[in-house]
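Enquirer: Sequence:
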Amino acid sequence: MSLVSVAAADRFVDLAGLLESCEVDGFRADFLSWGHYRPEYWRNYWHSHSFHEVCLAYSGEGRFNNGAVQYDVVPGSVFLARPGDVHEIESSHTSPLGIAFWGFTFRPGSDERGWWSGLTRADGPVMSTRTGALPALITGLAAEAAAPVSGYGTVLGALGATLVMETARAFALDEDLAVEPVRRDRGPLVVEAMQRHLRDNLSRPITVRDVAAAVHLSERHAERLFTQQTGASIMSTLRRLRLELSAQLLLDHTLSITEVARACGYSDVRPFSTAFKRKYGRTPGDHRRAGGTEFI
1 MSLVSVAAAD
11 RFVDLAGLLE
21 SCEVDGFRAD
31 FLSWGHYRPE
41 YWRNYWHSHS
51 FHEVCLAYSG
61 EGRFNNGAVQ
71 YDVVPGSVFL
81 ARPGDVHEIE
91 SSHTSPLGIA
101 FWGFTFRPGS
111 DERGWWSGLT
121 RADGPVMSTR
131 TGALPALITG
141 LAAEAAAPVS
151 GYGTVLGALG
161 ATLVMETARA
171 FALDEDLAVE
181 PVRRDRGPLV
191 VEAMQRHLRD
201 NLSRPITVRD
211 VAAAVHLSER
221 HAERLFTQQT
231 GASIMSTLRR
241 LRLELSAQLL
251 LDHTLSITEV
261 ARACGYSDVR
271 PFSTAFKRKY
281 GRTPGDHRRA
291 GGTEFI
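Using the UniProt record's numbering, the first residue of the sequence shown is number 1, and each one after it goes up by one.
Incorrect hints may have been included.
Stated by the list, open to error - Pair ranges (Cβ atoms, derived):
id, residue 1, residue 2, range
1, Leu18, Glu219, 50 to 60 Å
2, Arg183, Glu219, 19 to 29 Å
3, Gly26, Gly292, 45 to 55 Å
4, Thr258, Ala143, 51 to 61 Å
5, Ala146, Arg204, 40 to 50 Å
6, Lys279, Ala133, 49 to 59 Å
7, Arg240, Ser21, 47 to 57 Å
8, Ala232, Asp200, 46 to 56 Å
9, Arg224, Gly35, 51 to 61 Å
10, Gly292, Pro148, 46 to 56 Å
11, Ala161, Gly35, 12 to 22 Å
These are calculated hints, taken from the structure and not from any lab test. Even glycine gets a Cβ: it sits at the ideal position worked out from N, Cα and C.
All chains should be built: construct the whole structure from the sequences, respecting the hints.
Expert: Next comes the structure, spelled out in structure tokens:
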């Protein structure tokens, strides 16, 4: 999303009464104001708030005075007045300023540094060009507020929490945002997806090609990764899962042995019975008659 989309997000003001509070990363935020100014001359004179007020300029020019410091505002500027900051904003006459703004209280439950430090650092920056996802969030919130439908509360709560976090990140110092390197080993997740594909399709014909395609890998790569992670091949795992399922289904006397075989991917009872006896040491019928107690 670009700043152009923010210009069209005038229904941002309709969030009043719809989104009043949210929880973000264990902290609480209460929203007190939502606004959208079209590009025309305006000025709000020196004042302060008991809450955080944040503005995103989407067009035009202006100035933001915070205490004794004056900041130039251009499209893409994000500027912040913390509680108690005496400030004023004035649009340019020749290139009127358009902004979206939001105000909220924020009560962190920790003195540690993190993304929230952008809001809580008294000596932190008040002007930023780090818009991040703010344009998309403003646009999404405005669209949801314009035509609420079932589930709007959950959607607005999630977007509102992200808005608070992205707002804080815009003003946080780099050292406050730093985290330990995140390990991104996709191998276990991919193998888990392959195992899930096997379990979800036990009654259907399955090949290594099918499983590899489900995770968008070549057959060779899928087989190698699966074996490395599990110690067994894809097809041997498939056979084990099918027979384990069959041992459970055989205890349901409403199903015939033929129906159990087909539910576990065997088109005929004979190969099913042979495989079952090889694994469990007795026939499916014997297993059913014994109630499966030898395998508990």
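Enquirer: Tell me the hint numbers this structure goes against, listed in increasing order.
Expert: 8
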